[in-house]
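Colleague: Mind docking chain B on chain A? Use the hints.
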Amino acid sequence: MQPYVFKPKSRIRDFIIEKFIAVNAFTALIVILLIFIFIFKESIPIFTSPDVQSEASLDKMIFKQQYYEGRDPKWSWQPNSDVPKYSLLPLFLGTLKAAIVAMLFSVPLAVGAAIYTSEFAPRRLREIIKPVIELLAGIPSVVLGFFALIVLASILQTAFGFTYRLNSINAGIALGLAVIPIIFTISEDAMTSVPQSLREAAMALGANPWQISFTMVLPAALPGIAAGIVLGFGRAIGETMIVLMASGNAAIISGGFTESIRTLSATIAAELAEVVFGSAHYNVLFFLGTLLFVFTFFVNLGGELVLSRLKDRLQGRQK
Amino acid sequence: MKKALVAILFMASAGIATAANITVKGSDTLVRLGQRWAEAYMKAHPDAVIQVSGGGTGTGIAALINGTTDICEASRDMKAKEYADAKAKGVNPYRVAVALDGIAIFSNEANPLKELTLEQLKGIYTGLITDWKEIGGEPHSIILYGRENNSGTYAYFKEHVLAEEDYAENTQTLPGTAAVVNAVAKDKYSIGYGGIAWGTGVKYIAVKKDAQSPAVLPSMETITGGTYPISRELYWFFNGEPTGQLRALMNWVLAPEGQKVAESVDYIPLPKDVAEKNILK
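Protein sequences appear in the order of chains A and B.
My numbering puts the first residue of the first sequence at 89, with every later residue one more than the last.
My numbering puts the first residue of the second sequence at 5, with every later residue one more than the last.
Next comes chain A alone, as it looks inside the complex (with noise of 0.2 Å):
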């Protein structure tokens, strides 16, 4: 039989469309370079010019400054006053806190519906809970935002008697709720792609529904559980509008939690219009985007290569 032989312009046609196909496909990884570099371009003046490091140097920013005579050195953000101040330590303390409070709230409740309704609901009420859950995701992020500035605040106000009204609970119960989604779906998928013959082994020992899903199912599909909060984490700390609406935006450092809060993402959101382009400010701002923009990135990646080997070893393609 004759080898089958390309004729040489389909093969030139084909090259072509992979080639094309292949650039579509770098083009995203080449944006994501390019925000990065944009992004960090305008915060180098921080690094490299005596005039904006006078006023705001890695230094600054990360230690306790004394910014008048005769006060203790203090860490404190007020960019905009006779003798700016830029510490980022209230800043990380905000966004930390408000994500914390996210995730005790949030993880619980994905990963129980998850177990719920990849272990024990019935087929139909399945089919329906799933895509509610997912409905979650849907809700801007500015719409629970409002929810939580005009209901939320007051509701857990009246409950628990808080001295402030926005404070991290409330910004992180509303973070909460955009994070379930993700959580949820990533963990349900992670326990149904369980192999059947792990369930079907166990109950040949005699284990009884209870005993499969939390003795068999769940650890094996753990990595892809913890992979899910991961992913839930880090859009908790990069979320913006609902810290910037329900928590209070004031840059305190306290312990507690029932205090308000001011994240990195608010503090982007609600300073970046009026900077003066190339002011020291701004270049703070962006360092700040920088930051952010690092830390997702790898929390999200992290999270994504756990994921994928899970699947490989779930799939049978890796021990």
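Hints are computed from structural coordinates only; laboratory data are not their basis.
Quick reminder that beta carbons are idealized off the backbone N, C-alpha and C, glycines included.
Keep in mind that a hint or two might mislead.
[Claimed, not checked] Okay, derived cross-link-like pairs now, DSS-like style, lysine-lysine, Cα gap no bigger than 25 Å in a straight line:
1. B/K83 / A/K173
2. B/K93 / A/K129
3. B/K93 / B/K137
4. A/K152 / A/K162
5. A/K173 / B/K126
6. A/K173 / B/K85
7. A/K148 / B/K190
8. B/K126 / A/K162
[To be verified] Some chain B residues well away from chain A (every beta-carbon gap over 12 Å; in silico):
9. A44
10. G59
11. D170
12. A187
13. Q263
[What the hints assert, rightly or not] Rough simulated footprint, nothing fancy, chain B against chain A, three-plus residues with beta-carbon under 8 Å:
14. 158-167
15. 246-258
16. 300-308
17. 352-361
Modeller: Okay, now just chain B, sitting in the frame of chain A:
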């Protein structure tokens, strides 16, 4: 063929829309008044197209300096540094007062306190006074609400009441006086500040210049008369002396017609002689 036609029409309309636009950006305190003026002016002059948006005085000034707006609405004067930045970029700010405003101090309707001195206000907002009992109220910490740092109201309050001292760290910042009023209305132990035109559902606190002066509530009479201690001019900034359409708009705003519009939305019109002086013939 149809798609190409739609595309061409779309691009043409975009072109028409940008033809004779006047953009007005800046103060959230002034934005409502700016919109009313724009509506009234466009009704009287159908060929004019005016777009008004807020974002805070700082945003407006930055836009004027960066060349992305024709008129900057501002609830404070530009700082020396901003004037310098403008000159460096070849922008020549021309300032004209268009209305008066008072910064009202809001408190919750359940709050029994009726008056404060400027000194006490400063103490409250710099964090020296932290509890209502220190000024004669119930023992409870004072919840502070304020504006974001791009707000002209923020900057004006800082300059004239706080004497350029920093706000207390636990001042919660909200975008716009309406949000401040909303927050104070919901929070029993709170205090807030903002433009007088926005106060519904909250009480005004009468302000005393010092312990001996009479306490004055913000109103049309006290602000125009100058007896309310925290009153200010609201400005429009142009790039250089305005000409053509911009000049016509400015003159209309300063004329009795424009000032009457200001009054109808609870802003304080300029005293007649000041308004007349500002009109460019």
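Colleague: Work down the list of hints and note, for each, if the structure agrees.
Modeller: Evaluation of the provided hints:
1. Proposed proximity of B/K83 and A/K173 is supported: the alpha carbons are some 18 Å apart, at most 25 Å.
2. Simply put, B/K93 and A/K129 have alpha-carbon atoms about 22 Å apart, close enough for the 25 Å limit, and the pair holds.
3. With a CA separation close to 51 Å, the supplied pair B/K93 and B/K137 exceeds the 25 Å bound.
4. Restraint check for A/K152 and A/K162: the C-alpha separation of about 5 Å stays at or below 25 Å, so the hint holds.
5. Between the alpha carbons of A/K173 and B/K126 the distance comes to roughly 20 Å, so the proposed pair stays at or under 25 Å and holds.
6. Under the criterion of a C-alpha separation no larger than 25 Å, the hint pairing A/K173 with B/K85 is consistent with the structure, at around 17 Å.
7. Using a Cα cut-off of 25 Å, the hinted pair A/K148 and B/K190 is violated, with the two alpha carbons roughly 38 Å apart.
8. For the hint pairing B/K126 with A/K162, the CA-to-CA distance comes to about 21 Å; that is within 25 Å, so the pair holds.
9. Residue-level check passed: B/A44 sits 28 Å from the nearest beta carbon of chain A, beyond 12 Å.
10. With 12 Å as the threshold on Cβ separation, the claim that B/G59 sits away from chain A is violated: the shortest Cβ distance comes to roughly 5 Å.
11. Listed as outside the interface, B/D170 is inconsistent with that label: its C-beta sits roughly 5 Å from the nearest C-beta of chain A, within the 12 Å cut-off.
12. Non-interface status of B/A187 relative to chain A is broken: a Cβ of that chain comes within 12 Å, the nearest being about 7 Å off.
13. Against chain A, the non-interface label of B/Q263 holds: every CB pair exceeds 12 Å, the least being about 29 Å.
14. Only residues whose C-beta sits within less than 8 Å of a C-beta in chain B count toward coverage, and the stretch 158-167 of chain A has 3 of them, enough to reach three; the restraint holds.
15. Only residues whose beta carbon comes within less than 8 Å of a beta carbon in chain B count, and the stretch 246-258 of chain A has 4; three or more means the coverage holds.
16. Only residues whose C-beta sits within less than 8 Å of a C-beta in chain B count toward coverage, and the stretch 300-308 of chain A has 0 of them, not enough to reach three; the restraint is violated.
17. Residues of the stretch 352-361 of chain A lying with their CB closer than 8 Å to a CB of chain B number 3, which satisfies the three-residue condition for coverage.
In summary, the structure is inconsistent with hints 3, 7, 10, 11, 12 and 16 from the numbered list given earlier, while agreeing with the others.
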